[in-house]
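Chemist: Just so you know, the protein sequences line up as chains A and B, in that order.
Taking our numbering, I'd label the letters of the first sequence as residues 1 to 182.
Taking our numbering, I'd label the letters of the second sequence as residues 1 to 172.
Quick caveat, the hints were computed from the structure, so don't treat them as lab data.
Be a bit skeptical, because a hint or two may be false.
What follows is a set of in silico ranges between Cβ atoms, one per label pair, in the way DEER data are often shown [to be verified]:
no.	chain 1	residue 1	chain 2	residue 2	range
1	B	THR18	A	ASN25	23 to 29 Å
2	A	THR36	B	HIS96	22 to 28 Å
3	A	ALA78	B	ASP144	16 to 22 Å
4	B	GLU146	A	GLY137	30 to 36 Å
5	B	HIS96	A	SER51	37 to 43 Å
For each residue, glycine too, the CB sits at the ideal point set by N, CA and C.
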Amino acid sequence: MLENLCQKMFGRSLWVYHANSGGCNGCDIEVLNVLTPYYDVERFGIKLVGSPRHADVMLCQGPALRSTADALRRAYEAMPAPKLVFAIGSCACGGGIWFDSYPVLGPLEKVIPVDFYVPGCPPRPEAIIYGVAVAVGMVDKKAAPVVFKQVEFPIPMYHPGQLGGDNEQVIYEKSQKVSQRA
Amino acid sequence: MFSKLKETLIALKPGRVTLPYPARPQPVPERFRGVPRWDGEKCIGCAGCASNCSARAILVLDICQEIRVLNYIGSRCTYCGRCAEVCPEKAITMSHDFEQATGDAADLRQRLELFMSTCQRCGRCFKIPDALEQLKMPGYRFDDLEHARWVFRSHAFLEGDAVVDDIRIELE
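Let's have the full structure, built from the sequences with the hints guiding it.
Modeler: Here you go:
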């Protein structure tokens, strides 16, 4: 019941705080694009606020950097209790291209707990809206892991045990390939 | 007063521009690059995609001489399309999927398990690389799945450290 109430209260009034911990501003531009009249997210009650103390949701861009990790953690701790963190962009989701370099600690989840991932470099504004819609419960998520397993060998395999025939001709029994013995 | 009316008229002229996005799907441009999708039937397991991936998001694990596992860590992928460009068999297509928002980063992964054909003489998949080829990372590979990173050819890995380009880095 409390969960339903929370969802009802949360659903129409998500206040988001926009934190960049060292990204390239590509995702920032897409997040601001979401607030423009074309992808107007204020129709869902989502509003950009300037302080983490007013916010319910933190939209994070950029990887966890050595220099900004403390500031990011402090901003996370300043948010009031029912809080969500969105990792937006490849850097925040998985560390980005420079995930193994010295100043980058890695993905955002090394510093603060992340609830939703929106990959893309940068993600389309639609993808960000989709992420918010998944979080609010308007749509179901589409992403699912793909596993492909080969069950049989794609080409005929030659093995000396499968060679047959008399002295003059060698016949490979599986594919009926005939070759002359020297 | 008149100027305000004029402003109202100007504002009314474009009409409603907001896209009804989550209710109705939004088409993407023709050449849009979304999530790369592997076609396991066409893939020959050359790992060219892994060697050319700028985010090092494709890991190769040869669990034995004849089975090669390609792991795609989607969370780090920048959808640059380099893997699809270098694929000799055109087994990778950049799809139009972009709605990949998820609560679990493991949903973004793709995994291919492929049989590798071996040399009829020596029984190996790969010839033993020389020093130059070791730098280019062809042949037998065993990437670090736990930390989701490449293992460059280095003696330090044998001691159990995660090492990139022979620079010792701190993982935590």
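Chemist: Are A:THR36 and B:HIS96 spaced within 22 to 28 Å by their CB atoms?
Modeler: holds (23 Å)
Chemist: A range of 16 to 22 Å was offered for this pair. Does it hold for the Cβ distance of A:ALA78 and B:ASP144?
Modeler: violated (36 Å)
Chemist: Range first: 30 to 36 Å. Now tell me if the beta carbons of B:GLU146 and A:GLY137 are that far apart.
Modeler: Since the Cβ atoms of B:GLU146 and A:GLY137 sit about 34 Å apart, the hinted range of 30 to 36 Å holds.
Chemist: Does the Cβ distance between B:THR18 and A:ASN25 fall inside 23 to 29 Å?
Modeler: holds (25 Å)
Chemist: Is 37 to 43 Å right for how far apart the beta carbons of B:HIS96 and A:SER51 are?
Modeler: holds (38 Å)
Violated hint for the displayed structure: number 3, the only one.
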